[in-house]
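The chain contents come next:
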Amino acid sequence: MKRMLISDVVQSVPPSGIRRFFDLANQLPEAISLGVGEPDFVTPWHIREACIHALETGYTSYTTNQGLPELRREIAKAFCRDYSVDYDPDDEILVTTGVSEGIDLVVRSILNRGDEVIIAEPCYVSYKPTVIFAGGSPVTVATDLKNDFRVTADQIKEKITEKTRAIMINYPNNPTGATMGKKDLEEIADVAIDYDLLIISDEIYDKLTYDGKHTCFSSLNGMKENTIVFNGFSKSHAMTGLRIGYALGNSEIIGAMTKIHQYTMLCSPITSQMAAIDALRNGDAEMEKMVREYDRRRHLIISGLNDLGLDCFWGKGAFYVFPSIASTGMTSGEFAERLLLEKGVAVVPGDVFGDCGAGFLRCSYAASRDDIKEALLRIGEFLASIERVVQYNPPISGLE
Amino acid sequence: MDLALNVLEIIENDPKINISEIASLTGRSDREIRDCIGELESNGTIRKYKTVIDWDKVNNGYVYAVIEIKVSLERETGYNVVADRISRFPEVRSVRLISGDHDLSLTVRGRSMKEVAFFVAEKIATLPQVQSTATHFVLKTYKEDGVLLHEPEHAHRLSIVP
Numbered sequence: 105m106k107r108m109l110i111s112d113v114v115q116s117v118p119p120s121g122i123r124r125f126f127d128l129a130n131q132l133p134e135a136i137s138l139g140v141g142e143p144d145f146v147t148p149w150h151i152r153e154a155c156i157h158a159l160e161t162g163y164t165s166y167t168t169n170q171g172l173p174e175l176r177r178e179i180a181k182a183f184c185r186d187y188s189v190d191y192d193p194d195d196e197i198l199v200t201t202g203v204s205e206g207i208d209l210v211v212r213s214i215l216n217r218g219d220e221v222i223i224a225e226p227c228y229v230s231y232k233p234t235v236i237f238a239g240g241s242p243v244t245v246a247t248d249l250k251n252d253f254r255v256t257a258d259q260i261k262e263k264i265t266e267k268t269r270a271i272m273i274n275y276p277n278n279p280t281g282a283t284m285g286k287k288d289l290e291e292i293a294d295v296a297i298d299y300d301l302l303i304i305s306d307e308i309y310d311k312l313t314y315d316g317k318h319t320c321f322s323s324l325n326g327m328k329e330n331t332i333v334f335n336g337f338s339k340s341h342a343m344t345g346l347r348i349g350y351a352l353g354n355s356e357i358i359g360a361m362t363k364i365h366q367y368t369m370l371c372s373p374i375t376s377q378m379a380a381i382d383a384l385r386n387g388d389a390e391m392e393k394m395v396r397e398y399d400r401r402r403h404l405i406i407s408g409l410n411d412l413g414l415d416c417f418w419g420k421g422a423f424y425v426f427p428s429i430a431s432t433g434m435t436s437g438e439f440a441e442r443l444l445l446e447k448g449v450a451v452v453p454g455d456v457f458g459d460c461g462a463g464f465l466r467c468s469y470a471a472s473r474d475d476i477k478e479a480l481l482r483i484g485e486f487l488a489s490i491e492r493v494v495q496y497n498p499p500i501s502g503l504e
Numbered sequence: 002m003d004l005a006l007n008v009l010e011i012i013e014n015d016p017k018i019n020i021s022e023i024a025s026l027t028g029r030s031d032r033e034i035r036d037c038i039g040e041l042e043s044n045g046t047i048r049k050y051k052t053v054i055d056w057d058k059v060n061n062g063y064v065y066a067v068i069e070i071k072v073s074l075e076r077e078t079g080y081n082v083v084a085d086r087i088s089r090f091p092e093v094r095s096v097r098l099i100s101g102d103h104d105l106s107l108t109v110r111g112r113s114m115k116e117v118a119f120f121v122a123e124k125i126a127t128l129p130q131v132q133s134t135a136t137h138f139v140l141k142t143y144k145e146d147g148v149l150l151h152e153p154e155h156a157h158r159l160s161i162v163p
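From first to last, the protein sequence lines stand for chains L and B. For the first sequence, the positions run 105 to 504 when my numbering is used. For the second sequence, the positions run 2 to 163 when my numbering is used.
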């Protein structure tokens with residue numbers, strides 16, 4: 105074939121920066137991995153049992169495009185209970201095949217060619233490509249360690265043009281573990297209202313919030329109509345492989361998203377939807393147990409990294425920490441690659457999640473305590489073996 | 002989260018963990034943890050630090066049996082006197098008052114089925130309050146004290162996921 109096979113738009117997106125690193129890590133299966141963006145817990149047994157029961161009793165068909173009515177009702181109930189926001193299960197909720205599909209659906213629903221979406225970075229790797237595939241143009245805002253990786257209303261305002269259609273945020277955040285307080289979010293809500301912009305809020309990590317309570321963006325005064333909230337079961341109930349997410353928002357946008365969803369995905373797998381119903385009805389106790397364990401590991405890893413001299417802020421959400429490796433003078437990629445090859449510890453270079461992630465690493469604490477302890481030990485050995493650009497004085501131990 | 006609850010959950014699954022490690026997991030000082038555990042021990046919340054052992058893996062391990070007992074009740078003292086008498090035998094590992102056809106359920110441990118059977122026949126069945134006993138020998142233990150006695154399962158994850 106002489107013609108170019110691949111479209112310009114797909115060609116314009118570079119392959120994910122994580123790809124090469126992924127291939128490298130896969131050659132070293134014995135390495136300890138702090139590089140995984142999914143729970144190390146297996147899905148709680150009662151949820152798996154609900155899956156098995158669904159299969160046994162013949163739930164193997166399509167469902168309505170929007171998802172099982174029972175599941176949508178349970179989701180509405182949960183949002184009413186947790187955040188006092190009312191969504192109509194009939195036309196304001198869409199069950200998707202993970203949040204990733206939902207993000208794709210919303211940008212395809214709202215963007216015309218050349219429309220801009222403001223995205224706070226560092227961010228999940230799919231956001232920018234998804235906007236580009238939809239014909240839009242991602243405009244990034246760089247958050248930084250100085251502000252604990254929170255995005256500010258002023259930063260967003262600076263990037264607004266006539267073409268801006270939406271602001272995309274993700275708190276608790278992958279990859280930094282940052283969270284936003286209610287007041288911070290209200291300032292962004294004001295900007296959205298002033299400039300008539302849609303908020304695309306990926307809140308998949310909402311249940312993994314420590315030392316405080318998560319604020320759902322649509323629960324802010326007047327924001328239900330202007331916000332599409334994304335959530336799912338992957339992180340809260342350790343159900344990544346079951347691929348169930350959902351979108352909540354005004355019926356017009358949810359309707360448009362449903363239109364695309366019905367012609368592409370048709371519906372999410374029914375077995376997984378049945379499992380999700382059980383997760384919402386009976387899953388709180390197991391979920392809270394997992395959250396308590398994540399919180400312990402969070403203390404372990406953040407204090408451990410800071411003790412090693414890798415400046416790491418106390419993120420209060422998700423299961424990631426984002427230590428700075430500026431003191432080593434290495435790039436993120438160089439550090440991560442050498443750490444993997446020389447000490448057998450896999451972490452993800454921060455710049456994979458955006459340019460402002462350069463000089464940082466994403467370490468996941470969705471790993472056993474033993475693995476975290478061993479990884480900290482090896483990172484310590486690695487740091488001792490290299491020459492630091494900035495002299496580091498270890499804390500005096502033995503003090504209580 | 003309440004510190005005492007947090008500490009209990011940590012040591013319930015890992016009694017060998019040391020004070021500093023609990024401190025680093027909870028973000029508290031060693032002293033706070035020591036005081037917390039001291040209080041939980043002295044007020045009887047923590048009864049004992051125990052090990053779950055799969056005795057099937059040990060040569061000449063133990064034989065277990067669940068014994069259900071019907072008893073005749075005594076005025077005023079109810080079940081307590083007989084339950085207390087039974088509890089004092091070291092062969093008896095647990096004693097529970099239960100609902101249903103029987104009154105008490107015991108777990109008895111011995112070196113052989115014969116030893117357990119004779120213990121029940123001679124020491125338990127002969128107690129004046131005991132009307133009848135039913136002995137069920139344990140053939141295989143799948144889960145003990147919340148611990149599965151086979152290889153634990155792991156999530157089948159890739160080593161790098163965005």
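Incorrect hints may have been included.
As the list claims (entries may be wrong) - Restricting the straight-line Cα-Cα distance to at most 30 Å, the calculated cross-link-like pairs of lysine-lysine (DSS-like) are:
1. B:71 to B:17
2. L:477 to B:49
3. B:17 to L:393
4. L:393 to B:49
Claimed, not checked - These stretches of chain L come out as covered by chain B in the derived footprint (C-beta under 8 Å, 3 or more residues):
5. 171-182
6. 370-381
7. 403-417
8. 445-456
Quick caveat, the hints were computed from the structure, so don't treat them as lab data. Using N, Cα and C, we set each Cβ at its ideal position, and we do this for glycine too.
Verification of the hints:
The straight-line distance between the Cα atoms of residue 71 of chain B and residue 17 of chain B is roughly 40 Å, outside the 30 Å bound, and the hint therefore fails. Of the pairs offered as hints, the one joining residue 477 of chain L and residue 49 of chain B holds, with about 27 Å between alpha carbons and a cut-off of 30 Å not exceeded. Proximity of residue 17 of chain B to residue 393 of chain L is assessed by CA-CA distance (about 21 Å); at most 30 Å being required, the pair is judged to hold. Restraint check for residue 393 of chain L and residue 49 of chain B: satisfied, since their Cα atoms lie roughly 23 Å apart, inside the 30 Å limit.
Coverage of the region 171-182 of chain L by chain B is violated in this model, with 0 residues showing a Cβ closer than 8 Å to a Cβ of that chain against a need of three. Figure legend: the region 370-381 of chain L, annotated as covered by chain B; annotation inconsistent (0 residues with Cβ-Cβ distances under 8 Å, at least 3 required). Under the rule that three or more residues need a Cβ within less than 8 Å of chain B, the assignment of the region 403-417 of chain L holds, with 4 such residues. Under the rule that three or more residues need a Cβ within less than 8 Å of chain B, the assignment of the region 445-456 of chain L holds, with 3 such residues.
Taken one by one, the earlier hints fail for this structure at numbers 1, 5, 6, listed in ascending order.
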